[in-house]
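Student: Each chain, letter by letter, is given below.
Protein chains: 2
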Amino acid sequence: MAITVVGSVAFDSVSTPSGSYERQLAGAATYFSLAASYFTDVRVVAVVGEDFTAKDQAVFDVRKIDTRGIEHAQGKSFFWAGSYHDNLNEAKTLQTDLNVFGSFAPKIPDAYQDSQFLFLANIDPVLQKRVRDAMPHVKLVGGDTMNYWINDHRENLLKTLAGVDILLINDTETKLLAENKNPVKAAQDVLGMGPKALVVKHGEYGATAFFGKGIFPGTSDKVHHPFRAPALPLAEVVDPTGAGDSFAGGFFGYIASQVELTPAVFRRAMFYGGVMGSFAVERFGTERMQHLTRDEIESRFALFRELTHLD
Amino acid sequence: MAITVVGSVAFDSVSTPSGSYERQLAGAATYFSLAASYFTDVRVVAVVGEDFTAKDQAVFDVRKIDTRGIEHAQGKSFFWAGSYHDNLNEAKTLQTDLNVFGSFAPKIPDAYQDSQFLFLANIDPVLQKRVRDAMPHVKLVGGDTMNYWINDHRENLLKTLAGVDILLINDTETKLLAENKNPVKAAQDVLGMGPKALVVKHGEYGATAFFGKGIFPGTSDKVHHPFRAPALPLAEVVDPTGAGDSFAGGFFGYIASQVELTPAVFRRAMFYGGVMGSFAVERFGTERMQHLTRDEIESRFALFRELTHLD
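Read top to bottom, the protein sequences are chains A and B. So in this note's numbering, the last spot in the first sequence is 366, and the numbers never skip. So in this note's numbering, the last spot in the second sequence is 366, and the numbers never skip.
Now the in silico label distances, taken between C-beta atoms and shown as ranges:
| hint | chain 1 | residue 1 | chain 2 | residue 2 | range |
| --- | --- | --- | --- | --- | --- |
| 1 | B | R349 | A | V278 | 23 to 33 Å |
| 2 | B | E315 | A | K240 | 39 to 49 Å |
| 3 | B | E337 | A | E291 | 36 to 46 Å |
| 4 | A | M56 | B | L149 | 53 to 63 Å |
| 5 | A | P191 | B | T348 | 45 to 55 Å |
| 6 | A | K236 | B | M56 | 38 to 48 Å |
| 7 | A | K162 | B | Q243 | 46 to 56 Å |
Keep in mind the hints are simulated off the structure, nothing from the lab. Every residue gets a Cβ at the ideal spot worked out from N, C-alpha and C, and that includes glycine.
Using the sequences provided together with the hints, build the complete structure.
Tutor: Below is the structure:
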């Protein structure tokens, strides 16, 4: 079943210990939709500028991603420059140019309205809420955010979170959002803000899901214990950019490909999230995410299973 | 089958956000032997001073831990004072008094010589090696160390590591020992120093085991992929002191209780390590480790399994 994703389609300049690149296709919605496209149909809502070329468009077309919701505006696309050096888990932002994203007013094509899944990638929570409100018929809403929105746009973010079913953020963001340093108490606080499930990403250590009531149809009274999915210990991380968005794409894409959201589906989705994140960092930019096979994905899923399974 | 453990039996003064205590029984060998005592027979080699009371002795006696190898010397026992505040994963050392440990010359009681398992808890690697050499018949040797020995006693430590089968250290220690920041490459380097298996502890995120050749009898040519065990997300950590030593005790104790070291036994041992570590931090000092039941341990093991298992 189709996912509509709203978020940035952008260009990045990135430097890592393994090398660097200039103004390559990137953005949360790009990584998310590439990762999710291996599991289900994906439709993108975003805005790009005149620097978005036919070659960039082809990256989406090859993966059969619906881009009718990508608006082409005058000016330049969103641009981000960052570097990873001492700590591969944290980027140092060198430059952020909103460009055409500064005046972005998301428009949802009519053809997207039968999407059962909606993912609100990391953008201004006001825009996230506008898209969420414009798609009242979706069955499940996933979302992401970041420190900047948590710190400086909390009121708007809380309004958005009230309409998000599954929130995916990292450890630091969870503690910041909850204003609580204990990871379990912080997760419980976040679940009180609207989300029925919270996936806390731990970078190289994987991710933990916490569950509130009502996330699994027909089990509203049952308490669901947390679930931990691993990340793969990697001998080389070429470029961490997009790992979180690729995790979200694999996670939400797998859920959208299944008939019903059960605890087992959620757990496998966490593993597929880790799998897609592990591929993303193996090459610069979106390179690895463009040309995967289902066989490669299933082999790595088996490796993740072996990494954690007792029996 | 019996484990002999050599390490510190000490007194700690500790302050955490949950409270504080003064000069309570502690030390790596104490935590280790309490945790291991739920799985197998444990024999301790250590030295204590005149401040070690009948009440302290009773803590070992209740758990049927053999203390004939604990020497009673004139003076005071090893003393450590530390606090945990901003970061529960890292203690700030306020005071270390070696006291009777300063001139410790480990003596192995004859009755310990049929031990098939030996654990070298975190002490001077020269002493670790002396004990290891004095027990040539043991079947499996586990060991621990810390930054201080890695930085300032590397030569001695490398001689000790050549005789250790399973080394348990944390992320920082692994990278420091290997002088390599990548966790996978660092692990491979450490496996080149002698250990046939390396268990890297990640604090609140669990632990990862890396395997070299020859760790599992009869499978010397097979490549064994890493294994990740979780830690339990805890709503309250009262006192992190002894978590690592309790992990080691649960881990090594379970291995010693089994007929043969297989990959499945190793994996379950990692889970039992996490289980004992999670109990240790629930109360101040050794309190929780003194009065567990096998039922409590098995219930928590089931929780760990549920936390990570797909199916």
